[in-house]
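Trainee: Can you build the whole structure from these sequences, using the hints too?
Number of protein chains: 2
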Amino acid sequence: MRVAQDRLDATFAALADPTRRAIVAQLARGDATVNELAAPFAMSLPAISKHLKVLERCGLISRTRQAQFRPCHLEQAELDSAASWIEENRRIWTERFDKLDAHLRDIRAEPAKTSPAKASPAKTRGEPADE
Amino acid sequence: MRVAQDRLDATFAALADPTRRAIVAQLARGDATVNELAAPFAMSLPAISKHLKVLERCGLISRTRQAQFRPCHLEQAELDSAASWIEENRRIWTERFDKLDAHLRDIRAEPAKTSPAKASPAKTRGEPADE
Numbered sequence: 090m091r092v093a094q095d096r097l098d099a100t101f102a103a104l105a106d107p108t109r110r111a112i113v114a115q116l117a118r119g120d121a122t123v124n125e126l127a128a129p130f131a132m133s134l135p136a137i138s139k140h141l142k143v144l145e146r147c148g149l150i151s152r153t154r155q156a157q158f159r160p161c162h163l164e165q166a167e168l169d170s171a172a173s174w175i176e177e178n179r180r181i182w183t184e185r186f187d188k189l190d191a192h193l194r195d196i197r198a199e200p201a202k203t204s205p206a207k208a209s210p211a212k213t214r215g216e217p218a219d220e
Numbered sequence: 090m091r092v093a094q095d096r097l098d099a100t101f102a103a104l105a106d107p108t109r110r111a112i113v114a115q116l117a118r119g120d121a122t123v124n125e126l127a128a129p130f131a132m133s134l135p136a137i138s139k140h141l142k143v144l145e146r147c148g149l150i151s152r153t154r155q156a157q158f159r160p161c162h163l164e165q166a167e168l169d170s171a172a173s174w175i176e177e178n179r180r181i182w183t184e185r186f187d188k189l190d191a192h193l194r195d196i197r198a199e200p201a202k203t204s205p206a207k208a209s210p211a212k213t214r215g216e217p218a219d220e
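Read top to bottom, the protein sequences are chains D and Z. Positions in the first sequence are counted from 1; adding 89 to them yields our numbering. Positions in the second sequence are counted from 1; adding 89 to them yields our numbering.
What the hints contain is simulated information worked out from the structure, not anything from laboratory work. Treat the hints with caution; some may be incorrect.
For identical chains, the list gives no copy identity; a pair is met inside one copy or between any two copies.
[Stated by the list, open to error] With a straight-line Cα cutoff of 25 Å, these simulated DMTMM-like cross-link-like pairs (lysine to aspartate or glutamate) come out:
hint : residue 1 : residue 2
1    : K142      : E176
2    : K142      : E177
3    : K142      : D106
4    : K188      : D120
Mentor: Okay, structure coming up:
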């Protein structure tokens, strides 16, 4: 539990930076080397490497040991964990509103139920009330 | 675009803390006052207030001005933005694997197409090849 919380802390913190999000977005399209990842940014290789270390530490990316190329690879599981946490809370929130909505519909329907007993069934059969 | 990026930075940074995530999770279940939000934590009210300020600044929560009670309210839109960003990148990632999968299936199907023209139709009719 504690480990899962720590990982979520690190994952959300890693995503709280536009360069790191851009790197994740590029890796979603395919593995890439540090040089390829650095290309779109006006940033030194050591600066990009620092961002990659943050992403690697929280498990969002992994790096293979293919000599000097070491392509970076997006790890879907960590992105899934962050998505799950948000989704769970959106679901709870949405269900609450759905319940509130149903409750408001019940309240609005209530006056019909409390109207004279004879009139209601007649109305549902489309016949005139016998009074 | 820049504003949207800054908001995402702030939202992900706000979610990178277990106390703030617990507050968001509680508010998903309904509005709550600072006292109610502080109750589950062994934390001073000023410490909780500091976390609430972080959540308020990035737009994840809002506070009404009802005298000293000021209930906190979860703002779905900010949670949606964070979820959308993650979802978009999971989608790109998944589509890439679906394409790769389809490509591998094509490659596996290829040898049948390149085998002798006479033998293939015979096989599909369940008849012996006429050679």
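Trainee: Run every hint past the structure and note whether it holds.
Mentor: Hints versus structure:
{"no.": "1", "hint": "K142 with E176", "result": "between (27 Å within a copy, 23 Å between copies)"}
{"no.": "2", "hint": "K142 with E177", "result": "between (29 Å within a copy, 23 Å between copies)"}
{"no.": "3", "hint": "K142 with D106", "result": "both (13 Å within a copy, 20 Å between copies)"}
{"no.": "4", "hint": "K188 with D120", "result": "between (44 Å within a copy, 15 Å between copies)"}
Checked against the numbered hints above, the structure breaks none of them.
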